[in-house]
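Asks: Chain A is fixed; fit chain B onto it per the hints.
Here is what each chain is made of, one letter per residue.
Number of protein chains: 2
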Amino acid sequence: MDSTSFMSCFLIPRSVALIGLSRATGEGSYNLLENLFHLGYRGRIYPVNPNAQEILGVRCYATVSEIPEAVDLAVILTPRELVPSVVSECTNRGIKAIIVVSQGFADADEKGKRLQQEISWIANQGGARIIGPNTFGTVNAFHSFSTAFMKLELKPLPIGLICQTGVMFIGFPGIRLFGKGIDLGNACDIDFADCVDYFGDDPEVSLIVLQIEGLRDGRRFMETARQVAKRKPIIALKTGRSKAGARAAQSHTGSLSGSDEVYNASFKQSGVIRVYDIEELGDLVGGFLHLPPMRGRRLAVASITGAGGIIAADACERYGLQLAQLSPLSLDKIAALSPPWMSIGNPVDMWPASMISGHPYDHVVKTTLEALLGDEGVDAVLYMTTEIESEPALDVAEAIFDVTGRFPTKPIVTWRYSPHISQASARLEQSRRVLVYPSCERAVRTLTALATYYERIAAPE
Amino acid sequence: MDSTSFMSCFLIPRSVALIGLSRATGEGSYNLLENLFHLGYRGRIYPVNPNAQEILGVRCYATVSEIPEAVDLAVILTPRELVPSVVSECTNRGIKAIIVVSQGFADADEKGKRLQQEISWIANQGGARIIGPNTFGTVNAFHSFSTAFMKLELKPLPIGLICQTGVMFIGFPGIRLFGKGIDLGNACDIDFADCVDYFGDDPEVSLIVLQIEGLRDGRRFMETARQVAKRKPIIALKTGRSKAGARAAQSHTGSLSGSDEVYNASFKQSGVIRVYDIEELGDLVGGFLHLPPMRGRRLAVASITGAGGIIAADACERYGLQLAQLSPLSLDKIAALSPPWMSIGNPVDMWPASMISGHPYDHVVKTTLEALLGDEGVDAVLYMTTEIESEPALDVAEAIFDVTGRFPTKPIVTWRYSPHISQASARLEQSRRVLVYPSCERAVRTLTALATYYERIAAPE
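These protein sequence lines are chains A and B, in that order. The first sequence begins at 7 in my numbering and counts up by one. The second sequence begins at 7 in my numbering and counts up by one.
None of these hints come from the bench; they were simulated from the model.
Because identical chains cannot be distinguished in the list, a pair is counted as satisfied if it fits within a single copy or across any two copies.
Calculated lysine-lysine pairs in the DSS-like style (CA-CA distance at most 25 Å, straight line):
id, residue 1, residue 2
1, Lys372, Lys157
2, Lys117, Lys339
3, Lys161, Lys238
4, Lys238, Lys416
Bound-form chain A, shown alone (with noise of 0.2 Å):
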């Protein structure tokens, strides 16, 4: 079987063997079953459960032998014992995807290596693969799909997710990391080089995110990593870089975590853009899949305050971007509004232009904003202004949303400076037209991964 063959079994498969089901439902059950109903999924479902006729009205199999049609996936949830013959039982099956979700493997003790090791030898001397153990398996909301012991809200979002804890799957608030989502677990078989190499074919997905405990094959990984890098951005979170949190990777999945300068290299080699911590991953997936691409480093920057000019300035300097040189032309329609004593450069501090000349601060924004993005020699805009409730002056949202919706080749983000989370900032947040980041330094960060990705596809090799 060819990769995306072994791969459409475990993300679009049209029957599933639940093996080991609990007859236990409701509240606290984690029913694998419950959950493809409460999801809709529209495949075949079999139960296998030697102790129960059925569950939840669907008829239930002794043994997958017992199952009278063919099974494109097989997920395993019995003591970690009796797994090597339930694997056994499904190559016998001709049963090629068997997800194991079963715990106490490499995770655990020498007899959880060694009954790893087991299953591996099974399933490969039966022709089949196997994605765990010790996993949530697969998630795909384009198909209704998941093995997630939890329910998951999932959404067909165009991001392939490949990962070793089903703490991506769930989420964080305002951060949503997949449409389609791959837990390894422990990775006895299937690793991220089969995964990448799926995504990178997959034309639903559009960005691939990472989270790596440890590479068993890091060669193949870069190969694959980098033959997709140049189609699809590919952002990675590796965790367990310290000594202490390698041991605890051990613990966790049976990783060998490696040395993190190795996973440097390799990453920036292979074109994967690496992050640090899940804030950094869910702003740059936001970034990657709502902003235009950024063809350049030249930032220029609008502010309320002098005070945030400052600040995204530090931020350029921090991350790698530049701050733009304006042209005469931009220099002039915003001199044109300001105080004869200001000098005007960027940052662009557009507060005077409205506090002392007294021209309406929506207008200064407009017209500041104009500027900017029709200014050849700048690559992307940043600007901050804020929000009170008892100001309504302050709002400008229309005058933003009027001047962004006539630049769509350049990226706009936003700090969100204001004590509240407002409706026009909201509203801007929702149209996805410009990205409203928590601090300067987010935003800015985001806007230099964009320009270091664009920058390396558009490189000759």
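Replies: Structure of chain B alone, referenced to chain A:
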């Protein structure tokens, strides 16, 4: 005048003159008198405007000298050209505290720089002190007082903020940085040292926050800060760190940013806690305000997933905490619930005890937290557990409340690992007993700052 009495005129004035107050009121007018009414300021207010008889029903004076009573504080709002003569009138009238809100001084051109020197000289000759120019002035939530031209919602938090931009007064979602605030603007006279000294003795202030663009007298600042930092934490955000940022600082407040290495060394030597962005500042303010002192660097971690433990271990190394070595008793308590194949250590993975050994999850969480908080080798606890609306069995807020309430002397933090901000976690956050962070890294970074501060004040000089 000693520092306490002249600073009192700025922060708790019994009477204030608003010189150059506009007749315009309502939306977009930024009228200081209106703002003081909005806040319910109880002192006497004297508007000065030669073109008005009254503003908002308050009698106007044509000049400062006509005001019949003593004035604690003058706030100057006139165009820059008029400021020197107004300052002179103020000193002649015996006013000792002057805030110059007007812009266009060292933040502007050569003429502005000369004007600024002139007003400093006049004030000095007349025995008056100046805050500004180019400033929001002062805000005091305990006294319902503000000279900020934007309407602000105030809260009497025990935080004294000293800054060079109104950005810090306006704030950010979820981040409140002050109960009393001083915007020094261009800082032509009153400087950070004066204000740190004042807040150091102010019983209503327990924490001092600085946003610095430049310091004129570094040595005096350091000496003052070193004394005050023994009694109250001082947290500083230095902006204008980069070359471009330093240039921008010069046109914002005319500040000379100076070498960043020198700042680093000065902060370190004087015990000032340095932060690098607004989010870090907000996190640390929350930590110092609400968490008990951290008396060592030994962190215990309890997580619903092994992956969380790995991330926490990485964060400890990144920021400078150690994973605590748990006592045999603690390990036994946790092992008693866990599958026999699990090796128990810190970080603690709580999930197998529930999923595999079948103990109710809230019982596992409670037992684990009790063991960790009761362990003498543990200085603080980080836990992570998820909440999903569709899985009510995971809601363990009651168990957490119960345990954490019984251990008031150790900091407890959590990483908000959940797709939404649930009622339970909002309640935890409101209780202020457990601080909730959006990432493991931010939780650990905050604890590290606490540990570093209390380590320093416990050490003999």
